[in-house]
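Q: Chains as they are written, first to last, in my numbering: chain A, -13 to 492; chain B, -13 to 492; chain C, -13 to 492; chain D, -13 to 492.
Don't read these hints as lab results, they were simulated from the structure. Heads up, none of these hints are tricks.
Heads up, the list lumps identical chains together, so a pair's fine if it works in one copy or across two of them.
Quick list of in silico lysine to any residue cross-link-like pairs, SDA-like style, CA-CA up to 25 Å: (1) K119 / E102; (2) K119 / I100; (3) K487 / E102; (4) K36 / D434; (5) K158 / I304; (6) K96 / D85; (7) K40 / E486; (8) K485 / M271; (9) K447 / N234; (10) K447 / I304; (11) K447 / Q225; (12) K198 / Q430; (13) K40 / E102; (14) K169 / I382; (15) K487 / L422; (16) K65 / R237; (17) K119 / D479.
Protein chains: 4
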Amino acid sequence: MNHTSNDTQAVKLSGEEVGKHNSRESCWVIIHGRAYDVTEFLPEHPGGAKIILKYAGKDASDEYDPIHPPDTLDKFLDKKFHLGEVDMNTVEQETKEEDPEEQERQERIKRMPILEQCYNLMDFEAVARRVMKRTAWAYYSSGADDEITMRENHSAFHKIWFRPRVLVDVEKVDFSTTMLGTKVDIPFYVTATALGKLGNPEGEVILTRGAKKHNVIQMIPTLASCSFDELVDAAEGNQVQWLQLYVNKNRDITKRIVEHAEKRGCKGLFITVDAPQLGRREKDMRSKFSDVGSNVQSTGGHDVDRSQGAARAISSFIDPALSWKDIPWFQSITKMPILLKGVQRVEDVIRAIEAGVQGVVLSNHGGRQLDFARSGIEVLAEVMPVLRERGLEDKIEIYIDGGVRRATDIIKALCLGAKGVGIGRPFLFAMSAYGLPGVDRAMQLLKDEMEMNMRLIGAAKIEDLDPTMVDTRNLSSHTTVVPTDTLSLGAYDALIGPKEKVSAKL
Amino acid sequence: MNHTSNDTQAVKLSGEEVGKHNSRESCWVIIHGRAYDVTEFLPEHPGGAKIILKYAGKDASDEYDPIHPPDTLDKFLDKKFHLGEVDMNTVEQETKEEDPEEQERQERIKRMPILEQCYNLMDFEAVARRVMKRTAWAYYSSGADDEITMRENHSAFHKIWFRPRVLVDVEKVDFSTTMLGTKVDIPFYVTATALGKLGNPEGEVILTRGAKKHNVIQMIPTLASCSFDELVDAAEGNQVQWLQLYVNKNRDITKRIVEHAEKRGCKGLFITVDAPQLGRREKDMRSKFSDVGSNVQSTGGHDVDRSQGAARAISSFIDPALSWKDIPWFQSITKMPILLKGVQRVEDVIRAIEAGVQGVVLSNHGGRQLDFARSGIEVLAEVMPVLRERGLEDKIEIYIDGGVRRATDIIKALCLGAKGVGIGRPFLFAMSAYGLPGVDRAMQLLKDEMEMNMRLIGAAKIEDLDPTMVDTRNLSSHTTVVPTDTLSLGAYDALIGPKEKVSAKL
Amino acid sequence: MNHTSNDTQAVKLSGEEVGKHNSRESCWVIIHGRAYDVTEFLPEHPGGAKIILKYAGKDASDEYDPIHPPDTLDKFLDKKFHLGEVDMNTVEQETKEEDPEEQERQERIKRMPILEQCYNLMDFEAVARRVMKRTAWAYYSSGADDEITMRENHSAFHKIWFRPRVLVDVEKVDFSTTMLGTKVDIPFYVTATALGKLGNPEGEVILTRGAKKHNVIQMIPTLASCSFDELVDAAEGNQVQWLQLYVNKNRDITKRIVEHAEKRGCKGLFITVDAPQLGRREKDMRSKFSDVGSNVQSTGGHDVDRSQGAARAISSFIDPALSWKDIPWFQSITKMPILLKGVQRVEDVIRAIEAGVQGVVLSNHGGRQLDFARSGIEVLAEVMPVLRERGLEDKIEIYIDGGVRRATDIIKALCLGAKGVGIGRPFLFAMSAYGLPGVDRAMQLLKDEMEMNMRLIGAAKIEDLDPTMVDTRNLSSHTTVVPTDTLSLGAYDALIGPKEKVSAKL
Amino acid sequence: MNHTSNDTQAVKLSGEEVGKHNSRESCWVIIHGRAYDVTEFLPEHPGGAKIILKYAGKDASDEYDPIHPPDTLDKFLDKKFHLGEVDMNTVEQETKEEDPEEQERQERIKRMPILEQCYNLMDFEAVARRVMKRTAWAYYSSGADDEITMRENHSAFHKIWFRPRVLVDVEKVDFSTTMLGTKVDIPFYVTATALGKLGNPEGEVILTRGAKKHNVIQMIPTLASCSFDELVDAAEGNQVQWLQLYVNKNRDITKRIVEHAEKRGCKGLFITVDAPQLGRREKDMRSKFSDVGSNVQSTGGHDVDRSQGAARAISSFIDPALSWKDIPWFQSITKMPILLKGVQRVEDVIRAIEAGVQGVVLSNHGGRQLDFARSGIEVLAEVMPVLRERGLEDKIEIYIDGGVRRATDIIKALCLGAKGVGIGRPFLFAMSAYGLPGVDRAMQLLKDEMEMNMRLIGAAKIEDLDPTMVDTRNLSSHTTVVPTDTLSLGAYDALIGPKEKVSAKL
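From just these sequences and the hints, can you work out the full model?
A: The following block contains the structure:
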């Protein structure tokens, strides 16, 4: 963290001095060895006052880091409240309460499967679920409302079945392709996901390194735990990165971000259009609640805890007024290709073509925004026939994200006409559980699966994948079955296989 | 309760005196400090004689209150059986038997989650299920036969998926609308539900206050625990209420009720047309049975306990002969808009338009009447295209109720053409678990969800919602899957994720 | 039992004498106080020799009774092997081994719910499952192969949903109808089911009495435990019965049966056409196996236990050569209306009309014959439109059976064009658990449901039921869902409601 | 095993001598009494070095046998590394560690149900799962990726329902047929499956004997544990066998195999076309992993254990370049009928006809190759109408395999136009659990079911089976249901049957 605005003072503050300011009336906190007076900031804190007051007069660095980009305090807290360095030797070490839940987690970490036992992307998730901190897990794994879209995203791929060709020479299989002109090893990119340090203290730079190793593109998130420059700095050689952009209400800030990204070499600008407001994710909210609210008593309506999980805490700057009218302005401030991330119906894809953007990502934000939004793969199957009918299929690059877990999922998307797919959570889980080796193995597994399945479907190269190789007739079916007949089911005596003999001893 | 017919006598009855009349031959009961001779009434009691005999010679007020509107005795028991006041000091206090089930319930109440932990309408139901009295829970939560329609009601919304618009300016979102000319904050109303005091001793006035706070309309139920006037009196300012009407076999009574409602300012008359007889709800019947019947032995057919739950006990007055022929009469006795509640096929919607009524509620009575009746939302999708085809869509206001739990459900109904939706049970559960603050929070959660989801679907106001924003192709599918292949399933060895290492100590 | 062929001898056989013949070489058994030499009969016994040898030299009456019609020995065992009366005082009382399973069953019988706790037909099945003997339960409850058709039979009704009419005058509801000219109270009949004494020692006469009380028709089964005449004798007044017929390879026997039935007043002849061979029912076979085979060791192929459950044991006489060519012969030997029971496709219904029979039962034999045969209700929906198209709908009476459990099921069948429905197992279960009062209550429950649901669908009489009142679009869909994605499901962290507070004491 | 290349030396090697070579630097192993120096071979071993090193300096015969055809060492290890005989008396007997898992398995074997308790093919699988070695079970039972195609294979049959004919004379039922001109008792053949000795030390000769007994054809697998000649030698009389062929990159080897097979009398050549590379089967890989890798620690990416289960270990010779261009060559080297095994779309069936082959097997390799490949039965329903339309249905014999478990499955395939079906795993499981008697009973059960179900569907002979007897309208539907609504489900209080009385004692 770069505290450019605070000179080192002659006499450091003492822990005792800071410790006196431990109330709503006067609230100081220590972040990375420096004290800040946040009393006036309390009501404005997007994450609510409660979480700050928990650390009033104390060192809040551990809690602060994963949620806040390193330059947050310099940007948002008036310099007059920057109180200067603290003599950390005088700060009482918080003797952490014995947290039985945390102890159990540490035990689970000891029993963690070794990396080689992960054979597919779901395995990383299964491990991460057991070894991640509960709040971090809740932030990554949660979706909107009933999480139905989130689960549909992967489930939708299961409605697509293959029509493989046999007796095709597949000795040499090449599944490299290009995305916005960049040659990549395999048709996926690492899509933008927020708050990487929740899962791993190093944050998203791990994904940068993994992407380099496997020659795929990383999309840098606006809400990364690492700063944008840290992530660009972590890239090596001619490694290509894109920028994911939440558009700020203050367009000047947005302009600065875009121009800076272009200057630093980003090769694509992905404007998020499915998040005028960040979603309600109840699993995240519940987890947050119990973190700060366990001693809170219901008081009948007033003074209610307003914390709504990590998502809401970090996103109040996003502009809900963003509209088609803003596109020409973006085109005026950058030469980067512009893509709209989060398009969800064919009408808007056509409008995007008319607006002259270079691509769209058919996405529902990982199921984290509007529940009952359709999966990207389903929208893709709606979009492509219309584009082909109108001769527009080459006017734009179409990507999808959401629910991709297997190379067969990637192949299905490409058969239907996508240029590539974005993958997010699986790499977060791999990173959270195993760090860079986890991300490396996750990507390698996808490559192994890809080679195998290209062969099995009878395609030696990406261009061989075509719509006749998939049967998508049920893709747009959203059925629930008639509710269970519980009484009948309760009375039914299910068939069972042959019974073992009763042991002789008994 | 207003005992207008009984003057206070000089000498009050003693508890001892009342206590002698504790048999089928002579049965007195005390209700709110007054004694009544109900011996002759026993065979006529809609709820059966058993439940009265349980309190013969005793104070029955607690059991009586939630089931009976306060003016019941005055209306239905001949004045000669009103025996006058009892000196309650002489009435032996029933030392309630230790009821282990009730004790467990009291423990659960102590551990009740605080209100802020409820993040959606299902949460109130989950809490209410644990803290309500079993019989009350059974009455509210039960449905007809196998409760398949009851569950289908919410499930049907899951067959509708969104086609959101992106890049729409949704900075300002306004989801207020009008219903029968009344401006409301959000397109739902509190629909009529019976016996509110089962869940909360204050009864439906809590809903009146919640509706006021959030500026939505309350529909007053015929079978409220509170009297009609109590509910109207509880309304404040220009708060709007509607009347739900079960039509009495005695039309004079019905006429009095309607005229009185109009006089007191009700702005809509909703005639229930899906309940010529109130439904068999087995969960309710089972709960009732164990309440009064636990010592009963099977006797082979005669002298059988005939109690059939709360629903049947309170509804014997409803006229099963009500028909289209009666509509003109209603139009002749009131100027209130008339709506038919419980219409279930497009043919009847058209007939309703021809009959000149102002609206219909597409409803199956919360799944409490005919099992395998279709959901209101499904019927809506059948109705609207036909009306539009015939140019009738503006001739009538169409509402639906049943299964609405999320703002996305409301939005789906409005996209399809509904003017608004009725919500019943969720507010009962919120009220039963947390009283008015619960109802308040439940409504606020819907508003929060509504604002979020209007933005996410790309609609700044109610008029922006249209049928292209939903995919309803599977809405009318009612499938069951082929019965489970239990032998194969039993032999299949499911995939599991990586195993943990065995702990070193073991 | 009528031992017409054995005079009472002067000196009765002693138990000791009989007991000597306890081997395959010489095998005597006692049935109802008389001894029989079955040594030569052993290899011919349809149920296998093993089960007889278990009782060699002993009294076998208890085991014998439910499986064998009373006149079996007289009919099938040569008179020379009828050894005469036994002095039962000299027969050693079998001190039954303590059978822990039987003891548990006796305990369950003590805790049996009282009859009034049964609120629907499934409830009887739930009780019967707990209190019936395992082998009897297995015989009644089992179906063919994977029992998929058996379960589909009820499940199919769940694919049909109602389109009720409202505002119909349903004060008076009359659901009586006629079947083959006989007026009945409600459109169901008691269909033929075998071996009633397995469930209740009195056997099918209980069903006769129940049918009388509720004025419905009983179909007398060929394989009843009671003899045909016992069942006809049990009928009272002008009670109507039909005969279900398995056609014997020996047509003379068949002719005698038919002529006798007509003479005794049967009003309909239902020839079973879906059972050229009785089905393999593995649950039944498994149950039978453990009954007689628990000490059997695998011997590699020879001397294998051939018992295949009760069904196979009793049906070897059925003629698999029965064909359309035989129909004129039946028409020549009886004036009873002839109906074909077990028709399963529209082509065969048309052929039946051409053959001049009076009706068909669309049935798959309760799911006990061909697994993956379609349900009767599904076949009905296939048949009626074709008949109507050809003007044949009045040429024949169409019945269905299989899976009927609710009055709504009956109503669905009648809406689609059935004249009535057969109900079998539910009455067996009611009879097995509660005897005649059980059957009585089961029928009464159906009447109660029928009255309620006729009102709720808006039909005052049977003729009001028409095809527009049901939506059957999914009735013929037989889908399985894509196999579960177990890895993803294992990694998914399901949403849960609010957590309780941790109790203060802990 | 025939060690033709090693003369018996005068002085045998001692166990002590061999034992010294127990490291990566010098690695000797003993196989069937002879020592081999495999040091240089370690990096080339398809199954990885680890598994060999586990036995370095020791006797590896038990592990070696089921995976390697008997002539492997002679073929693949240079003669100079054949070290000659070992004096086995001097080889230290491995005192096998107490393996608690193996002990439990031995206990389960003791309690194994007797053969007569197996009533259907699934029963053998249920037993085999309990009594087989874990790694063997994993190899047989595993499928590709999420095993969704593997499970779909059987599940697909459940989407086909029957339309049986009644009143057909089925006294005599003949379900014999011909396959490639060979008369067989029943329309199935034993399809090729690898590594039979994993399940039973005798290997695939057991299947040869079972096939003989029931007069069905056995397809000899390339990857059998027994050698090809052993299997041909085991055939008796005029027993017919076919050859399944994985095509070797070295066509000379392939040519030798084909010519040898023809010379030995094989009557059909089935070229596998769905396996250019053998599939990733994670269950198998996981099982393998824990077998050799339990002490392995994660090392961050390098020196990773590469073992990928038995499938990958044995298949590196298969030629992924095999294509349509190779077909004429096969036709030039053999007069056997040629069939393509693994065709998966109608376009390729037509191409096969054009290529002049005699048949195709519509198959997805038992779900072991490409997950989301469609079932053979589904592809059959796609293929036949097109062939009939073009008059091609008699140009070729069409077989299917995958998921056949019941005679009804066979009947469904034949109704749709298949000449016969292949059955693989069920016989492996029967053989693994019960040896030849198991295979015998499994085949007999299919015959019993076949006779029964031919009767019940109304077909006296194979030719009577036609497409009108099945309803396949849902066969190509691949749906998943909308993800579960867990919150609602959690709050729902399911209906339950009547409760038992509380026991008097309590």
